[in-house]
Amino acid sequence: MTGQVRGEWPLYEVFVRGKRGLNHVHVGSLHAPDDQLALRHARDVYTRRNEGVSIWVVRSSAITASSPDEKDPLFAPSGDKVYRHPTFYEIPDDVPHM
Amino acid sequence: MPDVRTHEPDEHDNAYAGLLVNDVHWAFGTDFEDPLAGVDTTVPDGVDPATLATYCLMLGDDALVLSQRIAEWCGNAPDLEEDIALSNIALDLLGQARLLLARAAAADGAQVPALPDGSPVPDEDRLAFFRDAPQFRNVRLAEVPGGDFARTIVRILLFSTWRLALFEELSRSRDAVLAAVAAKGVKELTYHRDFAGRWFLTLARGTDESRRRLLTGLDELWPLWAELFETHDVERAAALAGVGVDPAGLAADVDAVLDQVLAASGVTRPVSGPLPGTALAGRDGQHTAEFGALLAEMQVVARAHPRGQW
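Those protein sequences? They're chains A and B, same order as listed. The first sequence begins at 0 in numbering that gives the first Met the number 0 and counts up by one. The second sequence begins at 0 in numbering that gives the first Met the number 0 and counts up by one.
No lab work stands behind these hints: they were computed from the structure. Even for Gly, the Cβ is constructed at its ideal location relative to N, Cα and C. Do not take every clue at face value.
Rough simulated footprint, nothing fancy, chain A against chain B, three-plus residues with beta-carbon under 8 Å [said to hold, decoys possible]: (1) 244–257; (2) 291–297.
Now the in silico label distances, taken between C-beta atoms and shown as ranges [to be verified]: (3) B/Glu208 with A/Thr63: 31 to 41 Å; (4) A/Glu89 with B/Leu79: 50 to 60 Å; (5) A/Gln35 with B/Leu79: 41 to 51 Å; (6) A/Ala61 with B/Cys73: 27 to 37 Å; (7) B/Lys186 with A/Ser60: 31 to 41 Å.
Isolated chain B, as found in the complex:
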C-alpha cells in the first residue's frame, strides 16, 4: 500500500487537501476522455451518403438551435445555480450538434457551404454558420422563442424526453459514429430530462403563480409536440437502412414517461392539436418567423469573417 498522506503539515485550511489521497490538485478534475476516439468513420454498406448526411443534419440542427435558445438565459437566469444549469444543458446540446454536423460533413461534403480558399473554418462550423434558414432541418419546437423560465422548463422536458428515447434507439445504429454520439448523448439527455422533470414538479406544486406559468407554457408549446413524431422521407430511408430511427415508433414510450411526470405534478395533458399547415415544416426547411432573427444573431460574427481571421 503506498504511503498514505492526507494533509500537508500546514494545510488544514484547504478544503480539497484531504479529498484525494496524495493529490491536492483533485479539484482540477481527472481522466479527460474523448468518447469518439478510435471510432470507424466510414459510411456503412448500402447506405446512401446523402441520406445519412441529411439525417445527421436533422438531429444536429435540433440540438444546435435549441442550444442557441437556451443560451439566451446565460447571464439572465433567475439565480446563479439556474444560470449554470441552463448553460450546462446548452453546452451539452452544442457538443451533440458539433459531432452530428461533423458526421454529416464527413458522410457527404456536398452539403457544406463553400468558403474562400484557404479559410480554416472547419466543416461543422461552416454548416452551422453559413447555411441559410431553408437549409436548416430542425423541428420547430427547438426554434420558438424561450419565454419565461417555466416555459423553458417545459420545452426542455418535452425535447429531452423525446430525444432521449430517440438516442437510446440510435445507440444501436449501424453507423458507428452515430451509435457513439447517441451513447454519449443518452447520459447527457438523461440528466436534462431529470432536471426538467424535477423543476416541472416543483413549479407545478409550488405557488399559484408558478403553476399558472407552467400550465400556460405547456399549452403554448403543446401544438409543436406532434411534429416530433412525424416521419420525414429522409428519416424513413435512414431507419430502413438501419442507421436512423423512425420517430413515429417512439410515441408510445415517450408518452408513458410524460404521463408519469404529468401525473406526479397533477397536470392534465393538453388536448390542443398540432399547428395548422404542414406537419413536417421544420424538417423541410420551413421555419417560424422568429427563426430568422435567431439565425442572424447566431451567424453574424462568423459570416463577417469567412476567412476565420480578424
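Just chain A, same shape as in the assembly:
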C-alpha cells in the first residue's frame, strides 16, 4: 500500500434516521480506517439504544461548511425582508395544517 502512514484515521460525520423520523440527523462523528468500517463503527457507537433504522456516514473532508466569520454577510440580510414570509394571506377555517 502506498502513501504515508498517518497517526490517526480519517474523521467521518454520522447521520442517523430514527424509526419515526422523516430525515437523517447529524448525531456525531468518529474515526475509522475506511467507509465500510465507518458504517460499522457508527452502528456500534450511535445506535446502541435502538434509536435508528438508517445510517449515513460521510467523510468529514467531503463536507464544505460555512465559516462563523461569514455569519453576518450570509445570514443577516434575510432578516429584514418581511415580504418573503407568507403571512399576508387569510387562511380559511376549513383548510387544515397551515
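Based on these hints, arrange chain B on the given structure of chain A.
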C-alpha cells in the same frame, strides 16, 4: 394526520429535535422487546432432560468464555470505536450465554451447583460462577488467550462464522426456547461475522505490519478449528432428538463462507493440523492451562459472596 411539529420554538440547537416527529426523546430509544416472552419452556417429548441441559451448557459455555476473553479488551482497545464494538460483541455473547445457561438449569436442575440456603443467586449465575474447570464444556477456541487485535479479529471471525451456521440450523430446534435463542442469536452473530470479516479484509490489505500480525494470528488459531466440527456424544444425541445440531454437518457451509473471506483478503488457508491429544478436549471438560486463570478472574467476586450480599 396528527399535528406535525418538528422543532420547539427555541430548539434549533438540539440535533435530535427534528428527528422524531413530536418526540424529542427519540435518543432514549424506543420499543424495548423481550424476544423470549411467552415461549413455552417445557422439555419436548422424547428428549432426555440431562442431554438437553448438557447440550445447552456446551453452547452457553462457548459464549460465556469467549465473552470473558473479548471483555478483556474493554478499556484496552486501540481506539474508542473498537472498544465499544468489542464490548458490544462481548455483551451479545454474554446475553446468549445467560439464556442458554438458564435453559440448561430449567431443563435439568441437577447440574446447578448448590449454594447456602436462602441465597438469591439465580441458576444461570450459579452455573457460570460456581462450576469448576472440568465442568465447563466450551471448545478451546473460546478460551485461549486473546493476543493482539489481529488475532482477536481472526478468532471472532472463525467463531462467529461457525456459530452462525450452527444457530441458523438451531432456530429449527424442537425445543422452543433453543429455537428462540437461536433466532435472536442469528441477528447478533451475523453482525459479528460481518464486523470481523471487514476488519480481516482491512488488516490483510493494509500495511505489512497488519498483514503479518493477521497471518500469525490465523496460523496460531487454526489448530483449534477442527475441534469445532467434532461431534460429541451429547451433541449426537441432541441432534437425533431433534433439539440440537450435529456440528460435523456444518463444515461444508462454513468452509465456503470462510473461503470467500480468505479469497477477498488474498490469504491462503492454513494447512496445520489439529492440536495433538484428544480432538474433543473442551467438550469433555479438558481445558488449556490458561483456562484456570480465566475462570479464577471471572468467578472470584461471586465465590467470595455465595449469599449474593455484601
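Please check whether B/Glu208 and A/Thr63 have a Cβ separation lying inside 31 to 41 Å. 35 Å, holds
Mind checking the hinted window 31 to 41 Å against the Cβ distance between B/Lys186 and A/Ser60? 34 Å, holds
Can you confirm whether chain A covers the region 291–297 of chain B, using C-beta to C-beta distances below 8 Å and requiring at least three such residues? Our answer is that it is violated, as 0 residues pass the Cβ test (under 8 Å) against chain A, missing three.
For the range 41 to 51 Å, tell me whether the beta carbons of A/Gln35 and B/Leu79 fit it or not. 19 Å, violated
Three-residue Cβ test at 8 Å for the coverage of the region 244–257 of chain B by chain A: violated (count 0)
A/Glu89 paired with B/Leu79, Cβ distance criterion 50 to 60 Å: 56 Å, holds
Outcome for the supplied range 27 to 37 Å, where the beta carbon pair is A/Ala61 and B/Cys73: Since the Cβ atoms of A/Ala61 and B/Cys73 sit about 33 Å apart, the hinted range of 27 to 37 Å holds.
Checked against the numbered hints given earlier, this structure breaks hints 1, 2, 5; the rest are met.
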